[in-house]
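Protein chains in written order, with the working numbering: chain A, 1 to 361; chain B, 1 to 502.
Some hints here could point you the wrong way.
[Stated by the list, open to error] In silico DSS-like pairs for lysine-lysine, Cα to Cα no more than 27 Å straight-line:
| hint | chain 1 | residue 1 | chain 2 | residue 2 |
| --- | --- | --- | --- | --- |
| 1 | A | 352 | B | 110 |
| 2 | A | 352 | B | 107 |
| 3 | A | 352 | B | 91 |
| 4 | B | 315 | B | 473 |
| 5 | B | 213 | B | 371 |
| 6 | B | 91 | B | 107 |
| 7 | B | 91 | B | 110 |
[As the list claims (entries may be wrong)] Reference excerpt, derived from the structure (chain B facing chain A, CB under 7 Å, subset only):
| hint | residue |
| --- | --- |
| 8 | 338 |
| 9 | 350 |
| 10 | 361 |
By construction, these hints were calculated from the structure, which means they are not laboratory data.
Quick reminder that beta carbons are idealized off the backbone N, C-alpha and C, glycines included.
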Amino acid sequence: MPEPTQQMAALRLLLAKLSVPLSLRVTLGAFAGSLILGLVLIAMLGFPVLSAMRVAVEGAFGDARAMADTLVFMTPRLLVALGALIAIRGGLFNLGGEGQLQMGAIGAMLPFLAFGDIGPLLMPLAILSGALCGALWGLIPAVLKLWRGADEIIVTLLMNFIAIYFVKYLVQGPMRPVGSTFNMSAQLPREGIFVPLIDGTRLHLGVILAVVIALAIWVLLQHTAFGLKLRASGQSPGFVRLQGQSAGRVALSSMALSGAIGGLAGAFEVLGVQYRLIDGFSSGLGFEGLAVAFLAGLEPFGAVVVSLYFGAINSAALALQSSLSIPAALADVLSGLPILLLAVISGVMLIKGKPVWTSTR
Amino acid sequence: MPVPIIQLDHVSKRYPNGFLALENVSLALHTGDIHALLGENGAGKSTLMNILYGVHEPTEGGVLMEGREVVHRRPADAIANGIGMVHQHFKLVMPFTVTENLALVAKGAKRSAFRRHTDARAFMERFGIDLDPAAVVGQLPLALQQRVEILKALVNETRVLLLDEPSTILTPAEIDNLYFTLRRICDQGTAVAVVTHNVDEVLANTDRYTVLKRGRTNGTGLIAETNSAQLVERIVGHAVSNAARIGAERTPGTECLALRDVSLRPSSGSPGLHQIDLTLRAGEVVGVAGVEGNGQTELFDLLAGQRQPDSGSLKHSTQDISVALVPQDRHHEGLSLDLSVAQNLLYPRIMAGEFRRGGLLDHGAVGEQAKVMIDVSDIRTHSHATPARSLSGGNQQKIVLARALDQAASVVVVYQPTRGLDVAAAEAVLTRLAQAADNGTCVVVISSNIEELIRVSDRILVVNGGRMTGEVKGAEMSVKAIGPLMTLGRQSHSSALETADA
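In isolation and in its complexed conformation, chain A is listed as follows (with noise of 0.2 Å):
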């Protein structure tokens, strides 16, 4: 039988290594704060309560077709995510995932408009093309940023909005049918998208590449040496550039790295959901892929817990409009209210001088 004080000690060394670091506490808070906030606003609209909790529990994990819807919804804003924190992690603030991901949808469609129903070749190449236009998007700004010095917050934000118009422009010009009054593109044939997965759902390929993307990106942060000098790059660009290491080509790799994965998330939304380019296809995807990333920490796991959480919420929101005619914007409140509670929580913490993060990692 051991001494009290022993088991105290014992027990305080347990609850030491069991307490949760601050920033996960906090988000974690943000979180369930803004469900509490959903729940309340919920209740203010005279809707009933209980009921609307179990359509949304439901809603989002209730079935096979609404667990697919979940996933489904969850992918993009995975893939912008992880695109995202690769980028912030090296040091550069990429807020163009919006961008990345519209340029990757078109590179989606060019192998089909280009070289025509070339059977099983054709999904492939389009992944390929759509990371690659992505790449290509996120590597003006790094190249702007070292050859004149902009300022690649400014650069990658703008050129979110040259993509959006760009689509608009394909959709209704050159990539509309002749005849067509749809502001979309020609159809992909069956060879060329992601067939669902499960009869019935809308559960894609895509789905399961974003996770081993997000798992892919794990490794390489933290067991490639690659990954290694990305995060003394973005932690301590000094203490890089004297040990002798180019800050430009770890700031090259990791925006072309970042605007590919952007693409890829684009390129599945064309490939496993619509089948086509449409005009305001993502209503706005990469800006919420971007909230996911800082609301996960800029870790990978992190950004597929809060990109279910993201998903969940976009099935559920679905669910309350169709049984409860609950309006859907209220996915968009309890989306944004996480970010919200965050900052603010993030800004006071800051005043008091206890930072929620010490850096970026």
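Since the structure of chain A is already known, use the hints to place chain B on it.
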């Protein structure tokens, strides 16, 4: 004996990771006294300060003010109780004026007392500090920025002033000025506690001392009743001879790096370099002495390959000459603070392709190799996987040095290698540098500590206003010979500080 203004009563502090930073430490500060807090790197001095200032709460024991127990959960509580702190790293708003910086920290009604520059000037005069209240803080020299920090700590009716390592960034003349100011502050009815590891400074300027060793009190008392040998003994546990030369006489080998007529243009805050000729040979320690800001950083940048000469040439004698660096700014250039100790130690070797298994990093092998280096360099850390950020300054410096010496480079350039280190750690650093030179490395030591340079160098170059004003070697190396080369015929830019401080 009057009741101390503030007292730590049998305080212990255990961090959440289980590390016992303080064990049963008591301390009493008296109004009108300057109390020196001495100890090696990682002895617990900073933890003790942080407990007084409310950053940490003690695990056991308590804090008493005028005999009554108080609880400081956050710095705001301590400030409300009249405690002010000057941190090692300044917390100033650089683009603001002196007055604005003071007004920012003033609480409530005090704020209106800093509306005008004349108000701020009157406040400063109470402590004999002569500073232009309209000066932009970012444009002041470090020693004067420190004055602003001290004034900030005094704004809110401060009765206890804590200073964490205030003298490390100062020249000897500036240190005298600092203690002159602190004495004035004491005379206004304040207790002052100073963390330092410079025994001479403590003997010359303070009233009482407390020595911490590995988290425990190792002696406390009146300065009048102690002496240099006793204090050093208490700090390091064994007597360290201060004068002995480190390393035997060496015969320099082949030339490895040469600067020929190298110049860099001066700019704001930099004297530039003017027609520097310098030949570095294998197996020698070359000291570079000078008052800070006289071309040392520029020389370091050149040798490090971070800058190219505006005129003249820098030549490596063969292709495979490599340069390893211990930079001045250990937080931004020496380390990547959020990487682990192991990754910081082995960063160059990892980047060169070592420690791979199947294309991935072999964290196990990195850790094993790091453990060896941690052992050899006596780096006090919880584990090799701990982020470098959580180590004390001296131990962080040991990481940077261990990495530079591990690279088997032909030239090692170290900038202020012992700054912020205690006696024993500094001794270990100098010994390792001497050993590297014995083994054929060319070691360049840039330092403003002349005694240290004399002990370790084979020859000493003196820089002054960006020019090489002399070279002394062997038995000629003495403070007497070097001091005038450093200080005579000095350009006006470096005397400005003196004038402002006087």
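Those earlier numbered hints the structure runs against, lowest number first: none
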